[in-house]
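Enquirer: Single-letter residue listing:
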Amino acid sequence: MTQKTDHILEARNIKKYFPIKGGIMKRTVGHIKAVDDLSLSIVKGETLGIVGESGSGKSTLGRVILRLLEPTDGRIYFENEDISKLKNRQLRPLRRDMQIVFQDPYASLNPKMNVQELIEEPLLVQTSIKKRIREEKAISLLEKVGLRADDRLKYPHEFSGGQRQRISIARALSLNPKFVVCDEPVSSLDVSIQAQVLNLMADLQEELNLTYLFIAHDLSVVKHISDRLAVMYLGRLAEIAPKKNLYENPLHPYTQALLSSVPSTDVLNRRQKIILKGDLPSPANPPSGCGFRTRCPKAHDRCAVERPELMDAGEGHMVACHLYA
Amino acid sequence: MSEPLLQVKNLKTYFYLEGKKVAKAVDGVDIHVHPGETVALVGESGSGKSVTSLSILKLINKPGKIEDGRIILNGTDITPLSEKQMAKIRGKEISMVFQEPMTALNPVFTIGNQLKETIRKHTRVSKAEAERKAIELLKLVGFPRAEDTMKEYPHQLSGGMRQRAMIAIAISCDPKLLIADEPTTALDVTIQAQILELLNEMKDKLNMGVLLITHDLGVVAEYADRVMVMYGGQIVEETTVKNLFLHPKHPYTQGLLDSLPSLEKEVDRLGAISGMVPPAYDFPSGCRFSDRCRHVMEKCRTEIPDLKPIQTGHNVRCCLYE
Numbered sequence: 001m002t003q004k005t006d007h008i009l010e011a012r013n014i015k016k017y018f019p020i021k022g023g024i025m026k027r028t029v030g031h032i033k034a035v036d037d038l039s040l041s042i043v044k045g046e047t048l049g050i051v052g053e054s055g056s057g058k059s060t061l062g063r064v065i066l067r068l069l070e071p072t073d074g075r076i077y078f079e080n081e082d083i084s085k086l087k088n089r090q091l092r093p094l095r096r097d098m099q100i101v102f103q104d105p106y107a108s109l110n111p112k113m114n115v116q117e118l119i120e121e122p123l124l125v126q127t128s129i130k131k132r133i134r135e136e137k138a139i140s141l142l143e144k145v146g147l148r149a150d151d152r153l154k155y156p157h158e159f160s161g162g163q164r165q166r167i168s169i170a171r172a173l174s175l176n177p178k179f180v181v182c183d184e185p186v187s188s189l190d191v192s193i194q195a196q197v198l199n200l201m202a203d204l205q206e207e208l209n210l211t212y213l214f215i216a217h218d219l220s221v222v223k224h225i226s227d228r229l230a231v232m233y234l235g236r237l238a239e240i241a242p243k244k245n246l247y248e249n250p251l252h253p254y255t256q257a258l259l260s261s262v263p264s265t266d267v268l269n270r271r272q273k274i275i276l277k278g279d280l281p282s283p284a285n286p287p288s289g290c291g292f293r294t295r296c297p298k299a300h301d302r303c304a305v306e307r308p309e310l311m312d313a314g315e316g317h318m319v320a321c322h323l324y325a
Numbered sequence: 001m002s003e004p005l006l007q008v009k010n011l012k013t014y015f016y017l018e019g020k021k022v023a024k025a026v027d028g029v030d031i032h033v034h035p036g037e038t039v040a041l042v043g044e045s046g047s048g049k050s051v052t053s054l055s056i057l058k059l060i061n062k063p064g065k066i067e068d069g070r071i072i073l074n075g076t077d078i079t080p081l082s083e084k085q086m087a088k089i090r091g092k093e094i095s096m097v098f099q100e101p102m103t104a105l106n107p108v109f110t111i112g113n114q115l116k117e118t119i120r121k122h123t124r125v126s127k128a129e130a131e132r133k134a135i136e137l138l139k140l141v142g143f144p145r146a147e148d149t150m151k152e153y154p155h156q157l158s159g160g161m162r163q164r165a166m167i168a169i170a171i172s173c174d175p176k177l178l179i180a181d182e183p184t185t186a187l188d189v190t191i192q193a194q195i196l197e198l199l200n201e202m203k204d205k206l207n208m209g210v211l212l213i214t215h216d217l218g219v220v221a222e223y224a225d226r227v228m229v230m231y232g233g234q235i236v237e238e239t240t241v242k243n244l245f246l247h248p249k250h251p252y253t254q255g256l257l258d259s260l261p262s263l264e265k266e267v268d269r270l271g272a273i274s275g276m277v278p279p280a281y282d283f284p285s286g287c288r289f290s291d292r293c294r295h296v297m298e299k300c301r302t303e304i305p306d307l308k309p310i311q312t313g314h315n316v317r318c319c320l321y322e
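Chains as they are written, first to last, in this note's numbering: chain A, 1 to 325; chain B, 1 to 322.
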């Protein structure tokens with residue numbers, strides 16, 4: 001099935017359940033519902049930010065969308081082509097167009113490869129470009145991400161965290177992808193370095209016409225880089241909206257609490273904090289009805305029985321909460 | 001103003017590395033904390049803020065050494081104290097809450113065990129009395145089923161709950177000074193808000209002085225009274241929280257604030273600081289920020305500026321203000 005839209009990627013009713021094995025027979029005794037019936041689409045050239053706390057399923061979603069993890073159910077369309085059932089071999093050409101930058105640049109770069117080899121590796125796997133051209137390409141990529149051509153013979157341990165993340169970005173961009181999943185790319189960096197990398201990512205997006213799915217737990221960072229934002233809670237979307245709407249008029253009680261919890265450097269206007277009680281429930285045993293009701297200051301009877309569906313609140317603002325039904 | 005609870009004077013902690021390299025992790029730091037006051041020490045990785053806190057507790061091991069300086073707690077100089085005497089102060093007079101509660105708590109003992117151990121070590125109470133006090137403390141820091149929690153192991157608790165348990169242990173002997181080293185960095189933002197509120201509440205209740213070590217300027221803005229910005233092992237700016245965020249003077253502080261994305265205002269580009277923090281064994285010879293500074297002048301390269309008041313209660317270490 002194909003359809004014409006300006007969506008580069010569309011995910012429909014994605015579910016990703018991880019089995020929990022127990023007993024001596026290692027039988028499946030339950031499931032962690034990391035992503036539970038979630039749909040979203042990403043427009044060409046935009047940055048969609050995904051925020052959520054640890055355990056909300058945001059990283060799993062990023063990996064399922066790239067088919068690095070098999071979805072339990074649901075469909076993924078990349079450039080209007082259904083890729084949810086493609087075999088690994090069929091996926092390989094698509095990998096050029098879809099790349100990922102991981103959180104931890106200490107773990108995601110092979111310590112035994114030098115920078116040149118790291119950046120060339122995707123070209124070697126995916127293309128038959130000659131060695132000399134590969135080298136030229138690696139140098140131009142290094143310069144593009146703000147490193148020097150002389151750095152290409154160094155190894156990852158010789159670089160700082162920020163520089164390593166630049167190498168990861170150069171590596172992800174080596175095949176001229178259209179779509180990049182950025183999974184907490186700046187969370188392990190200091191603020192001054194974080195700003196450098198965020199600026200770089202914004203420049204590259206403009207120059208190369210990239211589409212980003214930007215996953216992070218830091219709401220200020222996500223707000224800065226994104227056009228639209230999705231808030232995840234227990235594997236589901238709580239709210240999705242253009243950035244301005246989400247920050248100025250958050251509808252979901254969880255989004256409201258989340259935004260109010262971010263410590264602000266505005267010493268003159270103090271925000272009223274909504275302090276949530278308790279922790280995120282276990283995704284193995286989510287509450288009935290609305291997943292957020294156990295911590296929600298506005299929960300009522302209906303929330304325990306009926307799961308709220310995502311509904312339109314106008315101007316592309318969607319919210320899953322019974323308060324607005 | 002009351003007598004300061006903690007005074008650190010000209011603290012220098014150096015690490016002697018291979019190849020005769022000397023890392024001046026902390027290089028002439030002065031701190032004072034009053035009872036009931038939260039002083040934040042803010043800086044990026046490698047600025048020396050954690051080494052400062054460990055030095056105050058004299059927890060520096062080889063190849064590190066406290067080279068110089070005095071640490072005065074409640075009018076008594078604790079610098080010359082022996083390891084045995086320090087053990088009586090740690091956990092009693094000065095307590096510490098660490099960043100990662102999973103590594104700070106002992107995984108093979110129950111929460112109750114670890115709480116009672118601290119209480120019995122520093123106060124002469126019976127086992128039953130310690131048990132009662134431990135349960136009371138757990139209730140105080142927000143464990144609704146404190147009696148059950150006593151029997152639980154750290155791995156059975158969530159990150160936020162473990163940090164609550166850490167705080168219970170830290171305040172168990174009514175310390176006068178609490179050092180909180182990145183207490184919420186490992187936590188989600190909604191949990192962070194819970195823990196910071198709890199720390200604030202405990203501070204008021206026990207009239208403790210708190211030295212809050214963090215890299216998060218938002219946390220500083222919301223929870224500290226005074227703030228010290230650290231760079232390259234030195235304090236580069238020191239003032240009230242309001243002053244720092246409204247009138248930052250040091251180019252490094254200004255750069256940090258510009259590089260911070262914020263929920264309130266919308267900017268196209270973040271004002272990044274170029275370059276990176278130099279390693280502690282290879283500081284520039286003059287001002288340690290000179291290599292990254294926008295306003296660098298000739299003399300910045302040769303002389304280290306002093307930390308000087310530019311107005312009452314606002315000290316800056318920068319040649320621009322000399």
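No lab work stands behind these hints, which were simulated from the structure alone.
Some hints could be false.
[Stated by the list, open to error] Derived DMTMM-like pairs: lysine to aspartate or glutamate, alpha-carbon spacing no greater than 20 Å straight-line:
1. B/Lys-92 - B/Glu-67
2. A/Lys-243 - B/Glu-266
3. A/Lys-154 - A/Glu-143
4. A/Lys-273 - B/Glu-264
5. A/Lys-273 - B/Glu-93
6. B/Lys-21 - A/Glu-143
7. A/Lys-244 - B/Glu-264
Enquirer: Now tell me if each hint is right for this structure.
Expert: Hints versus structure:
For the hint linking B/Lys-92 to B/Glu-67, the alpha-carbon distance of about 25 Å lies beyond 20 Å, and the restraint is violated. The straight-line distance between the Cα atoms of A/Lys-243 and B/Glu-266 is roughly 11 Å, inside the 20 Å bound, and the hint therefore holds. For the proposed pair A/Lys-154 and A/Glu-143, the alpha carbon gap of about 15 Å is at most 20 Å, so the pair holds. With a CA separation close to 15 Å, the supplied pair A/Lys-273 and B/Glu-264 stays within the 20 Å bound.
For the hint pairing A/Lys-273 with B/Glu-93, the CA-to-CA distance comes to about 32 Å; that exceeds 20 Å, so the pair is violated. With a C-alpha separation of about 32 Å, the suggested pair B/Lys-21 and A/Glu-143 falls outside the 20 Å cut-off, and the hint is violated. A distance of roughly 11 Å separates the Cα atoms of A/Lys-244 and B/Glu-264; the hinted pair therefore holds under the 20 Å criterion.
Comparing the model with each earlier hint shows violations of hints 1, 5 and 6; every other hint is respected.
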